[in-house]
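Okay, here's what each chain looks like letter by letter:
Protein chains: 2
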Amino acid sequence: MARIVQKFGGTSVADLDRIRNAAGRVKRAVDAGDQVAVVVSAMAGETNRLVDLVRQAAPMHDAREYDTVVATGEQVTAGLMALVLQSMGISARSFLGWQLPLRTDGLHSRARILGIEDKDAIARLEQGQVLVVAGFQGVSPENRVTTLGRGGSDTTAVALAAAFKADRCDIYTDVDGVYTSDPRIVPKARKIDRITYEEMLELASQGAKVLQTRSVEMAMNHNVPVRVLSSFEDKPGTLVAAETQMEQEIVTGIAYDRNEAKITLQGVADRPGVAAAIFGPLTDSEINVDMIVQNVSADGETTDMTFTVAKPDFERAVEMLKAKQAEIRFRELVADSQVAKISVVGVGMRSHAGVAQRMFQALADKGVNIQVISTSEIKVSVLVAEDYMELALRALHTAYGLDAE
Amino acid sequence: MARIVQKFGGTSVADLDRIRNAAGRVKRAVDAGDQVAVVVSAMAGETNRLVDLVRQAAPMHDAREYDTVVATGEQVTAGLMALVLQSMGISARSFLGWQLPLRTDGLHSRARILGIEDKDAIARLEQGQVLVVAGFQGVSPENRVTTLGRGGSDTTAVALAAAFKADRCDIYTDVDGVYTSDPRIVPKARKIDRITYEEMLELASQGAKVLQTRSVEMAMNHNVPVRVLSSFEDKPGTLVAAETQMEQEIVTGIAYDRNEAKITLQGVADRPGVAAAIFGPLTDSEINVDMIVQNVSADGETTDMTFTVAKPDFERAVEMLKAKQAEIRFRELVADSQVAKISVVGVGMRSHAGVAQRMFQALADKGVNIQVISTSEIKVSVLVAEDYMELALRALHTAYGLDAE
Numbered sequence: 092m093a094r095i096v097q098k099f100g101g102t103s104v105a106d107l108d109r110i111r112n113a114a115g116r117v118k119r120a121v122d123a124g125d126q127v128a129v130v131v132s133a134m135a136g137e138t139n140r141l142v143d144l145v146r147q148a149a150p151m152h153d154a155r156e157y158d159t160v161v162a163t164g165e166q167v168t169a170g171l172m173a174l175v176l177q178s179m180g181i182s183a184r185s186f187l188g189w190q191l192p193l194r195t196d197g198l199h200s201r202a203r204i205l206g207i208e209d210k211d212a213i214a215r216l217e218q219g220q221v222l223v224v225a226g227f228q229g230v231s232p233e234n235r236v237t238t239l240g241r242g243g244s245d246t247t248a249v250a251l252a253a254a255f256k257a258d259r260c261d262i263y264t265d266v267d268g269v270y271t272s273d274p275r276i277v278p279k280a281r282k283i284d285r286i287t288y289e290e291m292l293e294l295a296s297q298g299a300k301v302l303q304t305r306s307v308e309m310a311m312n313h314n315v316p317v318r319v320l321s322s323f324e325d326k327p328g329t330l331v332a333a334e335t336q337m338e339q340e341i342v343t344g345i346a347y348d349r350n351e352a353k354i355t356l357q358g359v360a361d362r363p364g365v366a367a368a369i370f371g372p373l374t375d376s377e378i379n380v381d382m383i384v385q386n387v388s389a390d391g392e393t394t395d396m397t398f399t400v401a402k403p404d405f406e407r408a409v410e411m412l413k414a415k416q417a418e419i420r421f422r423e424l425v426a427d428s429q430v431a432k433i434s435v436v437g438v439g440m441r442s443h444a445g446v447a448q449r450m451f452q453a454l455a456d457k458g459v460n461i462q463v464i465s466t467s468e469i470k471v472s473v474l475v476a477e478d479y480m481e482l483a484l485r486a487l488h489t490a491y492g493l494d495a496e
Numbered sequence: 092m093a094r095i096v097q098k099f100g101g102t103s104v105a106d107l108d109r110i111r112n113a114a115g116r117v118k119r120a121v122d123a124g125d126q127v128a129v130v131v132s133a134m135a136g137e138t139n140r141l142v143d144l145v146r147q148a149a150p151m152h153d154a155r156e157y158d159t160v161v162a163t164g165e166q167v168t169a170g171l172m173a174l175v176l177q178s179m180g181i182s183a184r185s186f187l188g189w190q191l192p193l194r195t196d197g198l199h200s201r202a203r204i205l206g207i208e209d210k211d212a213i214a215r216l217e218q219g220q221v222l223v224v225a226g227f228q229g230v231s232p233e234n235r236v237t238t239l240g241r242g243g244s245d246t247t248a249v250a251l252a253a254a255f256k257a258d259r260c261d262i263y264t265d266v267d268g269v270y271t272s273d274p275r276i277v278p279k280a281r282k283i284d285r286i287t288y289e290e291m292l293e294l295a296s297q298g299a300k301v302l303q304t305r306s307v308e309m310a311m312n313h314n315v316p317v318r319v320l321s322s323f324e325d326k327p328g329t330l331v332a333a334e335t336q337m338e339q340e341i342v343t344g345i346a347y348d349r350n351e352a353k354i355t356l357q358g359v360a361d362r363p364g365v366a367a368a369i370f371g372p373l374t375d376s377e378i379n380v381d382m383i384v385q386n387v388s389a390d391g392e393t394t395d396m397t398f399t400v401a402k403p404d405f406e407r408a409v410e411m412l413k414a415k416q417a418e419i420r421f422r423e424l425v426a427d428s429q430v431a432k433i434s435v436v437g438v439g440m441r442s443h444a445g446v447a448q449r450m451f452q453a454l455a456d457k458g459v460n461i462q463v464i465s466t467s468e469i470k471v472s473v474l475v476a477e478d479y480m481e482l483a484l485r486a487l488h489t490a491y492g493l494d495a496e
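Respectively, the protein sequence lines represent chains A and B.
One gets the working numbering by counting positions in the first sequence from 1 and adding 91 to each.
One gets the working numbering by counting positions in the second sequence from 1 and adding 91 to each.
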């Protein structure tokens with residue numbers, strides 16, 4: 092007997108047959124004696140339809156009205172899921188964000204959760220009622236509908252699991268777990284049975300789009316074990332949880348990101364305040380910078396500064412920097428959007444030397460040139476020419492012993 | 092400068108072009124200095140789509156979940172309408188039933204309005220904000236979404252007009268007003284400029300489906316002038332309002348109803364309590380009886396009892412009565428569903444003799460046999476064979492001088 096939150100994504104509730112399939116999983120847990128809260132996304136395609144209507148209505152739209160319209164997708168699924176569960180003989184009822192209530196701030200379309208009323212909800216769970224909660228939505232201090240941003244249903248699920256002190260949060264999706272790398276590129280990628288929150292964060296933010304980064308952060312902060320598993324197959328999936336005492340794999344997975352572009356400012360004056368002069372204007376324009384590398388000055392006067400930005404911000408960043416050339420004082424701007432970032436991730440590398448070296452050697456063996464290197468406690472990332480990405484990914488997967496038998 | 096409620100039905104908000112057209116009408120009122128609350132229905136077809144999903148989910152559905160799903164139709168339109176108004180430079184925001192709040196009882200899918208919080212809303216109207224209210228929905232004492240039943244958006248609009256002490260409630264629809272008869276049958280039917288609530292009630296419940304009966308009753312009780320007009324044409328429409336001092340037309344309109352069936356019980360004992368014995372079981376089964384005619388007993392012992400029920404209840408009523416033949420004691424049951432009811436309506440007939448006689452004469456002249464007659468203060472109804480309905484309708488329209496030039 093456990094208390095669990097089960098979350099079903101858009102493809103898992105795409106039509107009534109799939110909603111019935113998902114309800115079958117809820118029923119199995121209920122039959123096993125579990126207390127269950129269910130979080131549902133909008134039926135696949137529905138959110139896009141609604142967003143499209145909003146854009147047609149007003150290209151520059153009021154985010155409060157956007158939220159009012161878009162939140163209906165999850166509302167519909169919540170009602171339908173409650174009905175299907177009832178028809179299976181299960182006591183169930185839907186809850187909308189404002190009914191729970193799930194309180195958020197007033198940052199419409201990307202609201203942050205402030206708190207969840209748990210008393211009535213927990214009492215219902217203890218009485219055996221299944222709560223079907225519309226994901227992705229909440230209510231603002233002004234009593235308006237808010238949404239948590241794309242993928243927000245994962246966050247809803249983890250937040251509920253934390254508030255209800257659930258034993259586990261199960262995220263049902265259309266993949267059967269988290270993989271050591273993208274199986275479409277690395278055919279020998281293996282499913283990971285267990286992964287730490289930190290590793291998951293690095294993998295997720297680097298391109299392994301299984302769980303929303305935000306929901307993983309929240310799970311880590313509240314120590315909620317999260318299981319990622321398939322709606323369509325009976326497989327154990329991947330458990331995302333705190334680090335255990337057991338010895339960790341040195342490298343858990345290898346992620347990639349094609350969505351960055353590289354900018355190098357050559358001949359920048361090597362003086363205090365130059366980094367602020369470069370990155371201040373970018374920050375003001377809400378352009379996020381990811382990797383930053385500054386070489387030691389060779390001549391003692393000028394240096395090169397290389398950094399990456401998201402591709403959608405690339406042209407804007409380049410224009411802005413060129414416009415400020417006199418102010419920043421650099422000799423030349425070299426831009427390259429044909430790059431890819433590859434990251435080797437694993438909590439085990441904290442206590443193991445030579446992890447980065449193995450990466451550099453494996454890439455050298457294949458003739459892959461490394462453009463930029465950046466490291467953190469549990470991750471080593473390199474920037475390579477985009478053309479070499481797949482080759483590099485497979486080489487590293489083999490080099491770290493991750494290949495399936 | 093007036094305070095008005097404008098209601099737009101499903102065909103008037105069927106897509107974004109039509110929503111823009113409707114918003115244009117709102118803007119015209121705002122530009123004229125009016126304070127405007129807008130009530131919107133779901134986009135045409137949307138409610139049917141949602142009802143269909145609910146039925147697929149569970150044929151015997153929980154009305155609370157039904158309401159949760161179906162109310163999203165109006166929620167989407169309210170958000171879109173607010174966005175379109177904003178893009179026209181108008182200060183506007185959406186209100187859902189629970190936000191206003193519009194409080195109802197807990198009779199889900201056919202909830203009755205208990206009250207509307209008007210203080211904040213009126214303050215907003217006075218500040219020049221356009222309130223866009225999702226029609227058809229409210230919130231129950233248990234804090235759940237309720238719906239008012241089909242056509243409930245008309246009722247929302249009139250209830251808001253009453254609560255906000257509006258000068259007028261404009262119902263925009265796909266017809267340009269109320270007609271003296273159905274123009275599809277009576278080509279010479281004329282649009283009525285002004286009609287009393289009582290007449291409108293008789294016409295609406297008799298088959299002139301322009302306004303929901305319930306909304307007309309509410310308008311009458313709160314003395315809200317209602318204007319029915321077209322979203323697509325600039326015509327003044329029909330004003331539904333209290334009787335004025337001016338002399339009334341004797342007959343305002345001629346309605347028909349194909350949806351009734353006739354049952355005659357022959358040889359019923361002419362004794363006290365026989366009517367109760369017949370109609371008690373029907374009432375218990377929620378079968379409504381409309382016209383009832385009992386002839387004076389010819390032989391002093393038995394009589395004939397004729398009455399009409401709605402066609403969907405017809406077979407059930409016949410079976411039930413046959414099963415109770417011994418109890419009720421009648422000789423024979425004669426049933427006929429091939430009938431139509433025609434009603435001549437007008438408040439002027441209160442003070443004019445000969446209205447019924449003119450009806451009987453006109454029908455006799457055309458060889459139409461009258462099966463049952465029933466009268467009220469402002470209405471004379473007759474039942475005729477369904478085949479004769481159109482003929483009778485046109486003959487009466489001419490006889491009462493209603494034909495257009």
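In case anyone wonders, no lab produced these hints; they're calculated from the structure.
Hints may contain errors.
For identical chains, the list gives no copy identity; a pair is met inside one copy or between any two copies.
[To be verified] Calculated pairs, DMTMM-like style, for lysine to aspartate or glutamate (alpha carbon to alpha carbon, straight line, at most 25 Å):
#1 Lys118 with Asp209
#2 Lys457 with Glu324
#3 Lys210 with Glu233
#4 Lys118 with Asp153
- Task: Please flag the earlier hints that this structure goes against, numbers listed from lowest up.
- Result: 2
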